[in-house]
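Novice: Listed here are the chains, written in short residue letters.
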Amino acid sequence: MYSSTKPTLTAKPTEIESVLVKAHSLAAFTNLILAVVFGILVSLQFVAPDLFGSLLPSWGRLRYVHTQGIMLGWLGNAFLAFLYYAVPILSGRPVFNRNLGLILFALWNFAVMVPGIILVLMGVSQPLEWAEFPLVVDFVVIVTFVLAAIQFLPPFFNRSFDNLYVSSWYIIGALVFTLLSYPMGNFVPELVPGAAGAAFSGLWIHDAVGLFVTPLALAVLYFVVPATTGKPIYSHFLSMLGFWGLFFIYPLNGIHHYIYSAIPMGAQMAAILASFLLGLIVLIVVSNLMLSMRGAGFFPTDVALRFASTGIVFYLLVSLQGSLQADMSLNQLTHFTDWVIGHSHLAMLGFATFAGIAGIVHAWQRLPQASYNLKYLNWSYWLLTAGITLMVVDLTLAGLMQGRLWLEGAPWIESLRAAEPYWLVRTLSAVPISLGFICLIAGLVTGVDCHAIKPAAAAVKESGVSSEGSDARLGIDSVKPASRPLQALQLSYLVASVAGVGFFVLSVTLLGVLPFQELRNQSAALAPAQPLVLSPSEVRGKAVYAREGCAYCHTQQIRYTDADMQRFGAPSLAWEGRMDYPHMLGTRRIGPDLSRAAYTRPAQWHLAHLFSPRSVVPESIMPAYPQFFEGGPLKPKQEAYDLVAYLETLGRERELAWPEGDALAAQKTTDKMALMSFNAPALNAHPARTKRFEGTPELPEAMSPVLAGELWSINCSGCHGDQGKGDGPAAAWLAPKPINLSQHEYSPDLIADILWNGVHGSSMPAWRDLSPSQLAEVAAHVSSFSEVESSVASRESLQSGQAVFKTHCAECHGADGDGNGFAAGSLPIPIRPSDFTRERLTHAESLRVLRSGVAGTAMAPWGDRLTSSEMEAVSHYLRSLFKFSAGGSADD
Amino acid sequence: MISTLIVFSSIGLALIFSLAYWLSPKLRNKIEEPKYDFMEQLEQHNQSSDREVNFPRDVDDAK
Chain H
201 MYSSTKPTLT AKPTEIESVL VKAHSLAAFT NLILAVVFGI LVSLQFVAPD LFGSLLPSWG
261 RLRYVHTQGI MLGWLGNAFL AFLYYAVPIL SGRPVFNRNL GLILFALWNF AVMVPGIILV
321 LMGVSQPLEW AEFPLVVDFV VIVTFVLAAI QFLPPFFNRS FDNLYVSSWY IIGALVFTLL
381 SYPMGNFVPE LVPGAAGAAF SGLWIHDAVG LFVTPLALAV LYFVVPATTG KPIYSHFLSM
441 LGFWGLFFIY PLNGIHHYIY SAIPMGAQMA AILASFLLGL IVLIVVSNLM LSMRGAGFFP
501 TDVALRFAST GIVFYLLVSL QGSLQADMSL NQLTHFTDWV IGHSHLAMLG FATFAGIAGI
561 VHAWQRLPQA SYNLKYLNWS YWLLTAGITL MVVDLTLAGL MQGRLWLEGA PWIESLRAAE
621 PYWLVRTLSA VPISLGFICL IAGLVTGVDC HAIKPAAAAV KESGVSSEGS DARLGIDSVK
681 PASRPLQALQ LSYLVASVAG VGFFVLSVTL LGVLPFQELR NQSAALAPAQ PLVLSPSEVR
741 GKAVYAREGC AYCHTQQIRY TDADMQRFGA PSLAWEGRMD YPHMLGTRRI GPDLSRAAYT
801 RPAQWHLAHL FSPRSVVPES IMPAYPQFFE GGPLKPKQEA YDLVAYLETL GRERELAWPE
861 GDALAAQKTT DKMALMSFNA PALNAHPART KRFEGTPELP EAMSPVLAGE LWSINCSGCH
921 GDQGKGDGPA AAWLAPKPIN LSQHEYSPDL IADILWNGVH GSSMPAWRDL SPSQLAEVAA
981 HVSSFSEVES SVASRESLQS GQAVFKTHCA ECHGADGDGN GFAAGSLPIP IRPSDFTRER
1041 LTHAESLRVL RSGVAGTAMA PWGDRLTSSE MEAVSHYLRS LFKFSAGGSA DD
Chain Z
995 MISTLIVFSS IGLALIFSLA YWLSPKLRNK IEEPKYDFME QLEQHNQSSD REVNFPRDVD
1055 DAK
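Just so you know, the protein sequences line up as chains H and Z, in that order.
Just so you know, we're using the numbering used here here: the first sequence kicks off at 201 and counts up by one.
Just so you know, we're using the numbering used here here: the second sequence kicks off at 995 and counts up by one.
Looking at chain H on its own, in the form it has when it is part of the complex (with noise of 0.2 Å):
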């Protein structure tokens, strides 16, 4: 069973498919192209969010055609066409069938590339990382998958496991355990909610990247490194040690994506673990592939070794990047970041890319008919490397930056104000990154055709190794192998095959399967009895913000962090997304975590929001969502009311059953991380909210007018304008419009209130992230713009307007003008009656209100039900009740 075949001389070389070699590469780099752009477009929104307006699709879609055309459009067809060049020449044996190479290029670039891409711009995806292509095209990928493993298994075949090369073993470990991981990843968590199908999501990440990217491009590195030094690599024991360590390993990683997230604590500790093992087994990887390079310099002359070599740095530095960020303490500063954006760019377009680019430029310069010129392959090696060193030490410094103010309790804005200048040095870094890739197409293209004629004879001087065989291999005794250490290594090589299957067999059910019931078990413990149904227009609207890649910006998981629970609220449990297939947990936080938005915002807020970002938060960088409306948010589409009605959902369960529910469920478990989310101090603790009212902090002086200034441009204009007129761009938007405030007088007190509190029932939101200086230099500015004037009125006036006042407003606003009448608490729109103690308008305010009402609240119009001297009356006699401060009297 076990024969230690070779491959023998023959006439004939071994017949290697150059026309699939050259077509995948073609693909590889037309993908490759498309997918750059599509990152460019990607990364430009983050510096000029309005610069394309509605031309193109939205970013969500542009962000998954991104993803995807690296993966599986440029890195898949690259290392499909290292496949066609290496196999043959590791097995001594032609692929399967070259109709069948003909079959899986164009099912893999026409069946699953075109339409992925179509679909995915069109809104059928999946918002799941590195699994968005729809479900119908996934099907075709696994296909595929199994066509390749049909093309490239069989000729090992002939060659028993010990006398496998290294190479071989990447090959096959990737083909096999790809065909595993790939179902689990992109079908599982459309049958698995929530918590439990972030799992195995985050099993997928990872393995997409340790079972698919990783074995793939280690063994063209194996290959490149001694074909093109005529050196064997150094250890080839170091090199099996490796690949097992890889393949045991790299499954159990896939949690450390969700740390400290609702699934079960053990299941990260043990990603955690495996982490950092997998950081030390990289370094024996990496180790060996240095030493087999020893002699040929960091930059070595050929440019696929070059290229190799700075691929091995790049693995080098992910990987121990990776174990690093596993840490809790470094993974609570780094997560959700820019950290991570440079991690997987490191990982994809450094380490693999390059990899694949040494494969191709490797094959390339040995295939009849192609061209090969150095000049444009040598620029493109400087400028990739350049550009993409920028990219990641950019985007790992924005992430620590983003990280520190999080942290810090910073308000959410101030991290993006922040992160600008990176990420338009990662926009920028785009130009090195695209020529280097054009140079990389022309290096391959033109030039010069670079075969001729040679005796065969020459072969063997040029290349070092005799073909005598092991006579000529330095420092190991020619001895014929002996009977049982053969037995022995066949048989561990066979029970490690065996044991890395099981291993990924038990990791999906240790870190997937366990997890699962856990939290299924929680669920049914700790949710209401009955689920909170989503309505048609709910469930519509979580298609919207699935297909719209909402999730790659914005999370939907509190963390069991404090800094998530101080700006937040409780951690989220698993049943609160117990309905979400998939899950929509998300791992990047470039807006808010919106796991508690229900209640935060009025509708009519995240109708302007979704038209303008911008105009209601001037330093956002959300994309407009224009095609959502019939020219202005005060026409919405079908598609942003159900986006605001699911919105409108996220956090409701659990608020509606709060607290009595939160109680009657903490006696029922002991599970540390549920009590933590229990005892948490605020259910929903979002900045902005205005349902809980707060005791207002003492303001200290103002002591800066140009912060005030600053703070009014960034937090206030968009809705009540550079001037503080109720114009801002927003306004028109919003019902009750944003306050005139040249109109309004308050006293210090009501505005520190309405600052802190907002105006529950409008669009004012609460200020609570903000601090205390910060909102005293805004109640400053506020108080600038006043022009209200004093009140003078004749007392016949003043008793007049008191009579009209007790007879037709002390309902609501109270006998004393308070803002607190008996039925101020009941009124069918809950703003809260102006408390005119607190509060005065100018003379031609008052009177336009008493005339026309305020529209969005519950102040209706009075000018048919009142004649002009008695609106006259009233409004002296309301500014007659003005108290600047408290125990103060009017006009003082």
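FYI, nobody ran anything at the bench for these hints, they're computed from the structure.
A few of these clues could be false.
Derived coverage of chain Z by chain H (criterion: at least 3 residues anywhere in the stretch with Cβ under 8 Å from a Cβ of chain H; other residues may be distant) [what the hints assert, rightly or not]:
(1) 1000 to 1010
(2) 1022 to 1029
(3) 1034 to 1042
Label-pair restraints from in silico Cβ distances [unchecked claim]:
(4) H:A866 x Z:F1002: 34 to 40 Å
(5) H:E910 x Z:F1002: 54 to 60 Å
(6) Z:L999 x H:S254: 52 to 58 Å
(7) H:L380 x Z:F1002: 36 to 42 Å
(8) Z:S1003 x H:N297: 36 to 42 Å
(9) Z:F1002 x H:P354: 34 to 40 Å
(10) Z:F1002 x H:S913: 53 to 59 Å
(11) Z:L999 x H:L380: 19 to 25 Å
(12) H:L379 x Z:F1002: 35 to 41 Å
(13) H:W858 x Z:L999: 22 to 28 Å
(14) Z:S1003 x H:S254: 52 to 58 Å
(15) Z:F1002 x H:T870: 44 to 50 Å
Don't be surprised by glycine CBs; every beta carbon is placed ideally from N, CA and C.
Following the hints, complete the assembly by docking chain Z onto the known chain H.
Specialist: Frame of chain H; chain Z shown alone:
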């Protein structure tokens, strides 16, 4: 925890493998053999090809 068992089992297997490699020259030969076979395969492939790979190795060659 079974995952911890997997991790430490992997470490244990690696140590056993390393120990066997260190102690047995014959096993060592066998484990290292594929890397030489690969070089031979490359050589056979290059030899049996009737074309020489003669791409420019530095910019001066390309002129």
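Novice: W858 of chain H and L999 of chain Z, beta-carbon distance inside 22 to 28 Å?
Specialist: violated (41 Å)
Novice: Tell me if the beta carbons of F1002 of chain Z and T870 of chain H are separated by a distance inside 44 to 50 Å.
Specialist: About 28 Å separates the Cβ atoms of F1002 of chain Z and T870 of chain H, which means 44 to 50 Å is violated.
Novice: Between E910 of chain H and F1002 of chain Z, does the beta-carbon spacing fit 54 to 60 Å?
Specialist: holds (56 Å)
Novice: How does the Cβ-Cβ distance of F1002 of chain Z and P354 of chain H compare with 34 to 40 Å: does it lie in that range?
Specialist: holds (37 Å)
Novice: So the hint says 52 to 58 Å: do the beta-carbon atoms of L999 of chain Z and S254 of chain H match that?
Specialist: holds (55 Å)
Novice: Against chain H, does the region 1034 to 1042 of chain Z show at least 3 residues with beta-carbon separation below 8 Å?
Specialist: Holds: 9 residues of the region 1034 to 1042 of chain Z have a Cβ under 8 Å from chain H.
Novice: Verify the CB-CB distance for F1002 of chain Z and S913 of chain H against the hinted window 53 to 59 Å.
Specialist: Taking Cβ atoms as reference, F1002 of chain Z and S913 of chain H lie about 58 Å apart, which means the hint holds.
Novice: Should the hint that L999 of chain Z and L380 of chain H are 19 to 25 Å apart at their CB atoms be regarded as holding?
Specialist: holds (21 Å)
Novice: Do the Cβ positions of S1003 of chain Z and S254 of chain H conform to the proposed distance bound of 52 to 58 Å?
Specialist: holds (56 Å)
Novice: At least three residues with a C-beta closer than 8 Å to a C-beta of chain H: is that true for the region 1000 to 1010 of chain Z?
Specialist: holds (count 6)
Novice: Count the residues of the region 1022 to 1029 of chain Z whose Cβ falls closer than 8 Å to any Cβ of chain H, and tell me whether that reaches three.
Specialist: The restraint on the region 1022 to 1029 of chain Z holds, since 8 of its residues have a Cβ under 8 Å from chain H and three suffice.
Novice: Given a hinted range of 36 to 42 Å, is it respected by the beta-carbon distance of S1003 of chain Z and N297 of chain H?
Specialist: Given range 36 to 42 Å: holds, Cβ gap about 40 Å.
When the structure is compared with the earlier hints, violations turn up for hints 7, 12, 13, 15 and for no others.
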